[in-house]
Amino acid sequence: MSLSQLSGNLSLWASFSSFILCYLFYSMFDTSNPEGLVTDTQVNHSFIFLLILLRISNDYIVIGAGSAGTVVASRLSEILDWKVLLLEAGGEEPLAADVPDTAAVLQRSKVDWNYRTQPQTDMCNWPRGKVIGGSSVLNYMMYVRGNKRDYDQWAELGNE
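By UniProt numbering, the letter at position 78 of the sequence shown is numbered 78, and the numbering carries on one by one without gaps.
None of the hints are false.
SDA-like cross-link-like pairs, simulated, lysine to any residue; straight-line CA separation at most 20 Å:
1) Lys110 <-> Asn139
2) Lys110 <-> Ser135
3) Lys83 <-> Tyr60
4) Lys110 <-> Leu87
5) Lys148 <-> Gly158
6) Lys110 <-> Glu92
7) Lys110 <-> Met141
8) Lys148 <-> Glu160
9) Lys83 <-> Ala73
10) Lys110 <-> Gly66
11) Lys110 <-> Arg128
12) Lys110 <-> Gly91
13) Lys110 <-> Glu88
14) Lys110 <-> Ile63
15) Lys110 <-> Pro100
16) Lys110 <-> Pro127
17) Lys110 <-> Cys124
18) Lys83 <-> Asp59
19) Lys110 <-> Ile132
20) Lys83 <-> Ala68
21) Lys148 <-> Asn159
22) Lys110 <-> Gly64
23) Lys83 <-> Val71
24) Lys83 <-> Ile61
25) Lys110 <-> Gly133
26) Lys83 <-> Ile63
27) Lys110 <-> Asp98
28) Lys110 <-> Asn125
29) Lys83 <-> Ser57
Since the hints were derived computationally from the structure, they do not count as laboratory data.
My request is simple: use the sequences and hints to build the entire structure.
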């Protein structure tokens, strides 16, 4: 067996091992469901009434504990006299969310709103996180900068 064949086999085994570990983490979470994640996504009128009642005793209500909602709630709570309520439909992120390769498994699960696009030719999944951390939990832990040319073109159009 040549060195290139051996390294190819090792690479394949590493990928397979990674997938198995991710699957085991996710399946462990999904069967035990320790957070008791919300499964009913229908909004009813009692929820709106509850928000009105909560508004009486809170200065601010932030809906959604994703990347933006948690920061907004944190910054608002820096003013000691303000009462801030942060609402999230989902629960805490599962243990599997700490492993980047599990993002594909977490999509279309209980921590995803399971949205789909309107059919053009085909419908596509539109992953949106229903969990503390929001959609960031489903994005493979990637940070992607905008394309420099896009920013340059916006500046040419007068958007400084």
